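Chains A and B are the protein sequences, given in the same order. All the letters of the first sequence, read from the start, carry residue numbers 425 to 731 under this note's numbering. All the letters of the second sequence, read from the start, carry residue numbers 423 to 728 under this note's numbering.
These are calculated hints, taken from the structure and not from any lab test. The model shown is predicted, which means the values in this text are computed figures rather than measured ones. Some clues are possibly wrong.
[Stated by the list, open to error] Covered stretches of chain B (in silico footprint by chain A; criterion: 3 or more residues with CB under 8 Å from a CB of chain A, positions within the stretch not fixed): (1) 691-699; (2) 702-708.
[What the hints assert, rightly or not] In silico DSS-like pairs for lysine-lysine, Cα to Cα no more than 30 Å straight-line: (3) A:K715 <-> A:K531; (4) A:K646 <-> B:K542; (5) B:K542 <-> A:K715; (6) A:K499 <-> A:K715; (7) A:K499 <-> A:K673; (8) B:K674 <-> A:K673; (9) A:K646 <-> A:K715; (10) B:K570 <-> A:K480; (11) A:K646 <-> A:K499; (12) B:K674 <-> B:K570; (13) A:K480 <-> A:K673; (14) A:K499 <-> A:K480.
We put the beta carbon where it would ideally sit given N, CA and C, even for glycine.
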Amino acid sequence: MTPDVPTLHLPRRTGRRHSTSESPFVRRLLIGVALAFLSLFLFLPLVSVFTQAFAKGMGFYVHTIVDPMTLSAIKLTLIAAAIAVPLNCVFGVCAAWTIAKFDFRGKNILLTLIDLPFSVSPVISGLIYVLVFGAQGWLGLYLNADHPRLPWLANWLNDHDIKIIFAVPGIVLATIFVTFPFVARELIPLMQAQGRNEEEAARVLGASGWQTFWRVTLPNIKWGLLYGVILCNARAMGEFGAVSVVSGKIRGQTNTLPLHIEALYDDYNFTGAFAVASLLALLALVTLGLKLWVEHNQAALNEVEVS
Amino acid sequence: MVAASWNYRAPNWRWFMVPMRGNGPWRLPMTKRNRVLPGFRLTLGFTLFYLGLIVLIPLSAVFWKTSSLTWSEFWHTVTLPTALASYRLTFGASFLAALVNAFFGFIVAWVLVRYQFFGKTWVDALVDLPFALPTAVAGITLASLYAKAGWIGQWLEPVGIRVANTQLGVFVALTFIGLPFIVRTVQPILEDLDPELEEAAASLGANRWQVFWRVILPMVTPALLTGFTLAFARALGEYGSVIFIAGNIPLKTQITPVIIMGELDMFDYAKATAIAVVMLIVSFALLLSVNVLQWWTNRHNSTSLA
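Next comes chain A alone, as it looks inside the complex (with noise of 0.2 Å):
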């Protein structure tokens, strides 16, 4: 990409290369380097992904994934996803909305604040909750116990057969927890960087606070929004550290599609294992592609805006 000179001092193809462009030779290179990295590294995978899976052929492949045991671990992911995204969606439009909108103190800490799940290890995301809901954990300790401190409560979730951890909620709480920063990290800087301006406008044109949402901050704000939605969703279906310590891996019960992918691995069913892992292969393409889309989308309203 050159740069725009006035064609006046510098006319194009006068056979000596651009001041500020390099070499056809080493811009070749720099090419032929960074798509041999990246096909190595990224795109021998994916399409061995794909060619492994149908090792077997059609045959085996649907084998798989009409296996109950597979059918349980997608409609688990689906679950899982289904409640994370959409707590996660309005927990980032909340967060959004207060700290692009208003000024107040300790702004700073509470982005950070945000961020802390990005830093945490997979692993340690899972045994967090371990250490609060698990039988040597804290509520574990108030309801476990031989005199348990809250008796009622203790009695109502043994009645009920609710278990958190090694159970669904478990699994629930920590695919919550890994894409707690999603929709808030894409929804801020875009509400900041969009002012407060067009909300105050319909306020003093009389709009409701809820009005003003729906009809002005929403439009403004979809395209980020989608965009947050589908990062979060691919790493809700997607997570394997922390889900794996939380799930207890009961096969057809507490089993994601990641921990199914582990399961068929260990058991060195390989061609089942890409079988399935083709199904989130899958996943991120779709999400790759919607995102490019979004993307395209959120560049033709900013132009629209600019002109």
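On the provided structure of chain A, position chain B as indicated by the hints.
Relative to the frame of chain A, chain B by itself:
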């Protein structure tokens, strides 16, 4: 509302021109900004409540659990030979992977910003694959690619390079997951570089290499460092993509999260938590340095614009 008392300034006669709220010395001018947009208390309240419930309270449980150990027990646990070996491997492999990514990631970002070539949009989108691909999928894929009979492994094995079940495997997996961090932090900075600076340097007689080394690189360095730190921090905690290719041999290819997982499998929560505390402290220190770097980048850019 005392919470807003930081707004307070020495009384000024102009304040009596605007409506006031509250009583006593903390009477504040009700500025238009505060009055027009609704929902501050509701959204801030929900944000803090949710943050506390999902993140802060569970995270504090780690420090609560560790306090059940005495200092010497804690120190003994975190300095066990297996733990020490895992720190060395985790830090070393993460650092090397981030370094390699900084180099190749910069080239990728440069190529994507400066040059045109066939399929550029798709290549650009593919860079995010490690973000989008679940770590378990990446893990089994890398493990099978670099296995003895794998697509890449079969070429490396005769040369005497073994990747699967070695420390090199850990490095390969961490390189895979770290790449987008560098590209995505450097790319926007490269896009925003003012071409006039390069033209000025060129017209003053600098050759292309000098322009790159003295003009472009100094301006990109803060972003490159931020990307490096992000990739490094992510690699430290990585679990899913590493365990399949590493083989998890004690003292050799066990990364720190695997040690924590091992203690958890034996229901030794205190030990697992002690090692988790060490990791958390390192991660928080890195998070802090990312924020400082980001602040530096912003200042750097604003001064260069001014």
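Outcome of the hint check:
1. 691-699: It holds: at least three residues are needed, and the segment 691-699 of chain B offers 4 whose Cβ sits within less than 8 Å of chain A.
2. 702-708: Holds, because 4 residues of the segment 702-708 of chain B bring their Cβ atoms closer than 8 Å to Cβ atoms of chain A.
3. A:K715 <-> A:K531: Roughly 29 Å between the alpha carbons, so the hint for A:K715 and A:K531 holds.
4. A:K646 <-> B:K542: holds, 27 Å
5. B:K542 <-> A:K715: holds, 15 Å
6. A:K499 <-> A:K715: Holds, because 24 Å separates the two Cα atoms, which is no more than 30 Å.
7. A:K499 <-> A:K673: At roughly 15 Å apart (the allowed maximum being 30 Å), A:K673 and A:K499 satisfy the hint.
8. B:K674 <-> A:K673: Satisfied, since the Cα-Cα distance of roughly 27 Å is no more than 30 Å.
9. A:K646 <-> A:K715: holds, 13 Å
10. B:K570 <-> A:K480: holds, 20 Å
11. A:K646 <-> A:K499: Holds. A:K646 to A:K499 sits at ~28 Å (cutoff 30 Å).
12. B:K674 <-> B:K570: holds, 19 Å
13. A:K480 <-> A:K673: holds, 27 Å
14. A:K499 <-> A:K480: holds, 25 Å
Going through the hint list in order, the structure satisfies each hint without exception.
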